[in-house]
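Asker: Single-letter residue listing:
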Amino acid sequence: AQSVTQLGSHVSVSEGALVLLRCNYSSSVPPYLFWYVQYPNQGLQLLLKYTSAATLVKGINGFEAEFKKSETSFHLTKPSAHMSDAAEYFCAVRPGITGGGNKLTFGTGTQLKVEL
Amino acid sequence: DVKVTQSSRYLVKRTGEKVFLECVQDMDHENMFWYRQDPGLGLRLIYFSYDVKMKEKGDIPEGYSVSREKKERFSLILESASTNQTSMYLCASTPRGAGNIQYFGAGTRLSVL
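In order, the protein sequences belong to chains A and B.
Heads up: the first sequence is residues 1 to 116, going by my numbering.
Heads up: the second sequence is residues 1 to 113, going by my numbering.
Among the clues, some could well be false.
Claimed, not checked - A few chain A residues facing chain B, derived, Cβ under 8 Å: (1) Thr5; (2) Gly8; (3) Ser9; (4) Val11; (5) Val13; (6) Phe34; (7) Tyr39; (8) Gln42; (9) Ser84; (10) Phe90; (11) Leu104; (12) Lys113.
Stated by the list, open to error - Calculated lysine to aspartate or glutamate pairs in the EDC-like style (CA-CA distance at most 20 Å, straight line): (13) Lys103/A to Glu72/B; (14) Lys53/B to Asp38/B; (15) Lys3/B to Asp26/B; (16) Lys49/A to Asp1/B; (17) Lys18/B to Glu62/B; (18) Lys113/A to Glu69/B; (19) Lys13/B to Glu72/B; (20) Lys71/B to Asp38/B; (21) Lys103/A to Glu79/B; (22) Lys53/B to Glu69/B; (23) Lys103/A to Glu56/B; (24) Lys53/B to Glu30/B; (25) Lys103/A to Glu17/B; (26) Lys49/A to Glu115/A; (27) Lys49/A to Asp38/B; (28) Lys69/A to Glu30/B; (29) Lys113/A to Glu30/B; (30) Lys103/A to Asp51/B.
If you are wondering where the hints come from, they were derived from the structure by calculation, not from laboratory data.
Since the structure is predicted, the reported quantities are computational estimates derived from the model, not experimental observations.
Where a beta carbon is used, it is the ideal one built from N, C-alpha and C, also for glycine.
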């Protein structure tokens, strides 16, 4: 079974500051990992995904994440926060094997607030 | 662009009513999912379907059922709505393949009074 832990349900940064959202996973097999973003009153959209290729993954809107197997982490970063980044962010994991219908296990989410 | 459409953005129902939430995708995806989203709990999987007429329970199926008569449509049914089913419901779809992403609808916010 797999699980995801997102440390910090709320994170606040100043505009222009570094964004760091933490995600640790547990998986009995090599995982596929995802970051999704949810803007107010919308569904989730994919930011980036890791599927066992390069460990540093670049996504949309200047976000990136690094897969660290030794730390079982997949933290999301952005060098300079923008007001439009204010949203809720979800980390998700699925086993990197076929079958299972592409089921994802989601973390509990991190609400990012960006202040002037 | 992949489009996942949920029939209602907001619904208000009374306790004991039978409630249908509809989801349609236009990309011929095999897999479809229903989640509920609650503050502090993230997304929890209710049911998913990997083919027409096929369904599997997710993590929290109690009080819910589903129907998938056509590939593009996946319905979530609350047989007798209760106040603890007040939540945001999200539908998603994905093609077969381990690395494929899930595409989400905009969500249905259901209030059961």
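Asker: Against this structure, judge whether each hint is valid.
Answerer: Here is how each hint holds up against the structure:
1. Thr5: violated (11 Å)
2. Gly8: Constraint on Gly8/A not satisfied, violated at 12 Å.
3. Ser9: holds (7 Å)
4. Val11: For Val11/A, the interface hint is violated, since the closest Cβ of chain B sits about 15 Å away, which is over 8 Å.
5. Val13: Status violated, d = 21 Å.
6. Phe34: OK, holds: Phe34/A within 8 Å of chain B, min 7 Å.
7. Tyr39: At about 10 Å, which exceeds the 8 Å cut-off, the nearest Cβ of chain B leaves the hint on Tyr39/A violated.
8. Gln42: For Gln42/A, the interface hint holds, since the closest Cβ of chain B sits about 6 Å away, which is under 8 Å.
9. Ser84: violated (19 Å)
10. Phe90: holds (6 Å)
11. Leu104: holds (6 Å)
12. Lys113: Status violated, d = 15 Å.
13. Lys103/A to Glu72/B: Measuring from Cα to Cα gives roughly 18 Å; hence the hint holds.
14. Lys53/B to Asp38/B: violated (28 Å)
15. Lys3/B to Asp26/B: holds (6 Å)
16. Lys49/A to Asp1/B: holds (18 Å)
17. Lys18/B to Glu62/B: holds (15 Å)
18. Lys113/A to Glu69/B: Distance ~42 Å between Lys113/A and Glu69/B Cα, so the pair is violated.
19. Lys13/B to Glu72/B: At roughly 26 Å apart (the allowed maximum being 20 Å), Glu72/B and Lys13/B break the hint.
20. Lys71/B to Asp38/B: violated (28 Å)
21. Lys103/A to Glu79/B: violated (25 Å)
22. Lys53/B to Glu69/B: holds (6 Å)
23. Lys103/A to Glu56/B: Distance ~11 Å between Lys103/A and Glu56/B Cα, so the pair holds.
24. Lys53/B to Glu30/B: holds (11 Å)
25. Lys103/A to Glu17/B: violated (30 Å)
26. Lys49/A to Glu115/A: Between Lys49/A and Glu115/A the Cα gap is close to 27 Å, so the pair fails against 20 Å, i.e. violated.
27. Lys49/A to Asp38/B: violated (24 Å)
28. Lys69/A to Glu30/B: violated (31 Å)
29. Lys113/A to Glu30/B: Cα-Cα ~36 Å, so violated.
30. Lys103/A to Asp51/B: Distance ~14 Å between Lys103/A and Asp51/B Cα, so the pair holds.
The earlier numbered hints that this structure contradicts are 1, 2, 4, 5, 7, 9, 12, 14, 18, 19, 20, 21, 25, 26, 27, 28 and 29.
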